[in-house]
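J.: Each chain, written out:
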Amino acid sequence: MRREPIDPSGLEWSRVSPKYLRVRLLGWLIGSLVWLVVASIPLVLRLTGVWDSFPPLPVAWALPAIALTSAIWRGLLLPRQVRAIGYAERDDDLLVRQGVFFQRTMVVPYGRMQYVDVAVGPLERAFGICTLKLHTASPATNAFIPGLPTEEGTRLREQLSARGEARLAGL
Amino acid sequence: MTAAPGPSAGVPEGDQEREQSAGAPTAVTSTPGSTAAFAAHASEGGPTTDEWRRVHFISPLVRGWIALVAILYFVGRDWFEGLFDSGSRGRGPLPEGVGLLIAAGVVLGVVVIIAAAFLVSWYFTRYQVTAEHVRVHTGVVFRQQRQARLDRVQAIDIVQPFLARIFGLAELKFEVADAGESAVRLAFLKLDDARKLRATILARAAGVDTDPEHPEEIVEAPEREVVAIPPGRVIGAALLSGTTIALVVAAAVIITLGVTLDTPIIATSFIPVVIGVVGVYWSALSTGYNFRAATSPDGIRVRYGLLDTRAQTIPPGRVQALSIVQSPLWRLKGWYRVTVNVAGYGASASNEGQARASLLPVGTRDEVLQILALVLPDPGTTRPVEVFGAGMVGRDGGEGFVTTPRRAKWLAPLAWRRNGFAVTDTALLMRSGVLWRQLVVVPHERTQSLSLEQGPVDRRFDVANLQFQTTPGPVAPRVLLADSATAWDLFHGQAVRAAEARRRSAPEH
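Sequence order for the protein chains is A and B.
Counting from 1, one number per residue, gives the positions in the first sequence under the UniProt record's numbering.
Counting from 1, one number per residue, gives the positions in the second sequence under the UniProt record's numbering.
Some hints could be false.
[Claimed, not checked] Computed beta-carbon distance windows for the label pairs:
hint: 1; chain 1: B; residue 1: Ala349; chain 2: A; residue 2: Gln159; range: 37 to 47 Å
hint: 2; chain 1: A; residue 1: Arg80; chain 2: B; residue 2: Arg460; range: 11 to 21 Å
hint: 3; chain 1: B; residue 1: Pro231; chain 2: A; residue 2: Glu158; range: 53 to 63 Å
hint: 4; chain 1: B; residue 1: Lys409; chain 2: A; residue 2: Leu68; range: 38 to 48 Å
hint: 5; chain 1: B; residue 1: Glu352; chain 2: A; residue 2: Glu158; range: 38 to 48 Å
hint: 6; chain 1: A; residue 1: Gly121; chain 2: B; residue 2: Phe142; range: 26 to 36 Å
hint: 7; chain 1: B; residue 1: Gln145; chain 2: A; residue 2: Val118; range: 30 to 40 Å
[Unchecked claim] Per the computed footprint, the stretches of chain B lying under chain A, defined by three or more beta-carbons under 8 Å from a beta-carbon of chain A, are:
hint: 8; segment: 400-413
hint: 9; segment: 469-475
hint: 10; segment: 487-499
Think of the hints as simulated: they come from the structure by calculation, not from any bench.
Every residue gets a Cβ at the ideal spot worked out from N, C-alpha and C, and that includes glycine.
Next up, chain A with everything else stripped away, as it sits in the complex (with noise of 0.2 Å):
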C-alpha cells in the first residue's frame, strides 16, 4: 500500500479485500443509473414536449451531464479509496485508516473497545465479505473496516474480544 503522508512509518498495513471493490463498483453503478435517469427527467420531458419552457435547454442538458461526470470521477476514485482502506494490529490497540484526500487513521485501544459488530449484507454475502464495526464507549468512534474476507473478518472480531477482554478497563 502506498504510504501516505500522515501515516505512521514503520507499520504494515493489513489491506481489504480486492472484493470489496466489486462490491462497491456493483453498488456505484446502480446509484450513479438512479442519479442519471432522475437527472435526466427533466431533459426527457423537455426534448418530448411535455414541458414547454421551463428548464432552459442548457440547464435540462447541464443536469445529466453533472451527474454522469461526478459519477465518473466517484468511479474513478473508488479503487483508490478502497486501496487507501487498511488496519493494523498493534500490541495495545488497532489503527484503522482510510481516505484518499480527506485522510483519517484512528487508533482504538483493545481495553476500550465495548463491543464488535460483525455485519453482512446481501451483496457483501455473495462476494464472501463483511464489514467490521468496533464500538467504545463514544459513539464518535467510527471504526469500522469494510470488505473483509469472512474468515478474516470472524478472526478479527474472535482476536479483538480477547484482546478486549485481556485488557479491559472500563471507561
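Given chain A, work out where chain B should sit, using these hints.
T.: Same frame as chain A, but now just chain B:
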C-alpha cells in the same frame, strides 16, 4: 476505586467481569465469621436495605400534580358555570339541588379514580438496594424491572423540583454509562432518606468499609466546600453573556428599521425577543443560583438551583473530559465556565442537561484551578498554575505548549498562535479559540480512541487535526492544525500514554 478485588471491567457482558464481581461477595458471605473487611459483606448483612421498599406515599401526586391541577381546573370551571347558569338558563329538567349533587358526584368520582390510579402506581413502584445492585420495579400493566450495578455508577443526583421541596421530598437519579438515560430514578423519597441512600450507594460503589454490626449507619462522607458563587456574579455573568450582545444587536436593528420606515408596528416585534432573552437570563439564574462545589471522599459534590434544586455527585475518576471556556465579555471580569463530559450525563442540549454538565457556571481563575484540582488531583506537572494558566489565556509556545506552525497561519489567521496542545504526565491540554477562549483537558486514562485527520488543504500546509473521541457531552477535545510530524508523534505517544495510564490506574470502573 480500590476495594474491587480484581480489574473490574468495562465490557458489561464480559465473563471475566461477572466472575470477578460476583466472586467477591459470595466468597465473603460463605465465611460470615471472617474479619469483615469487605464492605460488600457488611452491607449484605444489612437487615433493611436489602428488603423491597416503596417510594414516598405522595410522590405520584408530586409527579402528576400538573395533570391533577388541569383536571380540577376544567371540572371546577364547569361546575362553577353550571352553578351560576342552571338557574338563569334553566337547562334540563333537573331541579337545582339534584344538578349540584350530580356535579359533586362526578367530581368525587374523578378524584377517586385519580387517587386510585396514584395509589396503584405507588403500590407497584418498589426498589431494593443490595450489595451489588439497585433494582427498581415499576408499572402496572407494562411492568418494568430495572437493575443497575452499583460499581457502574457514573453519577448520582438528588433533584428537588419546587413542589417536592415544599413537601421535603427529593428524587434520586442514578446514572450509569448510557449517555443521559437515567438508569434508576427514585421519585420521590424523603430528603433524608435520599441522602442516606446516596451515601450507601456511593459507599458500596467505592467499597468503603462499613460497620458490620450496623450497616445502616453509613455516615455521609464529610465534605469540604471549595467554591461558592455569590448570586450577584451569576446575574452579572448572565448579563455579560452572548445573549446580551444579541439583544443589543436586535434592539439596534429594530430601532433603525422603526425610524427609517416610520412604523411603530415594528416595535411590537421586540416583544418575542425580550421574552426569549428574559428566558435565557432566567434559566442562567435559576441554574446558577446558590452554586456550591465541594469535595468529599465520595467524589465531587455540586449543588445549585433557585426553585428546583439539584445536588450532583460525581465519584472520583468519572470525568471524561473537561473544558474551560471564556466568552469575550467575560474577559472584562476574568470569568470562566467549566463544563465536563460524564458518561452518565449524555449530550443533552436542554437547559437541564447544560446545567448538569457545568461544574462551574461562572468562576474566577482561582476557582477554576480549584475545580481542576478536584477533577485532576495530580496535574502531572510541577508548575500546574503556570501551565493551566497558559492554557486558559496564553498564546504561542511556552509552558510546554506546541502551536500551529507559522506556515499554516493563513488557515487560521487569528487562532494559529493560540491553537496548541501540551502534555503533562497525567493529562493532555488542548487550547483553541481567540474570541471564545477554550482549554480542554483530557486525563490520559480517559482517552477512548483518537483519530488523525488531514484534508487536501491541510496536506498542502503539512498540518493535521487530531480528534479525540470521548463519551457524549458538551466537550469535544481536538487539536487543530498541528504540524503533521508533531501530530503523529502526539497520536502515537498518546496511545502509549493512555495504555500506560490505564495500567497504572487499574482497577477502575
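J.: Taking the hints in turn, state whether each one holds.
T.: We went through each hint and held it up to the structure:
Roughly 39 Å separates the CB atoms of B:Ala349 and A:Gln159, a value that falls within the hinted 37 to 47 Å. Our hint of 11 to 21 Å for A:Arg80 and B:Arg460 holds, since their Cβ atoms are close to 19 Å apart. A hinted range of 53 to 63 Å holds for the C-beta pair B:Pro231 and A:Glu158, which are about 59 Å apart. Take B:Lys409 and A:Leu68: their Cβ atoms lie about 40 Å apart, and the range 38 to 48 Å holds.
Taking 38 to 48 Å as the suggested C-beta distance range, the pair B:Glu352 and A:Glu158 conforms, at roughly 43 Å. Take A:Gly121 and B:Phe142: their Cβ atoms lie about 35 Å apart, and the range 26 to 36 Å holds. Separated by about 31 Å at the C-beta atoms, B:Gln145 and A:Val118 satisfy the suggested range of 30 to 40 Å. Here the segment 400-413 of chain B counts 0 residues with a CB under 8 Å from a CB of chain A, which misses the bar of 3, and the coverage is violated.
A count of 4 residues in the segment 469-475 of chain B with a Cβ less than 8 Å from any Cβ of chain A is obtained; the coverage claim is therefore met, three being the minimum. Counting residues of the segment 487-499 of chain B whose CB falls under 8 Å from any CB of chain A gives 8; the rule of at least 3 is met.
Against the hints set out earlier in the document, a violation occurs for number 8 only.
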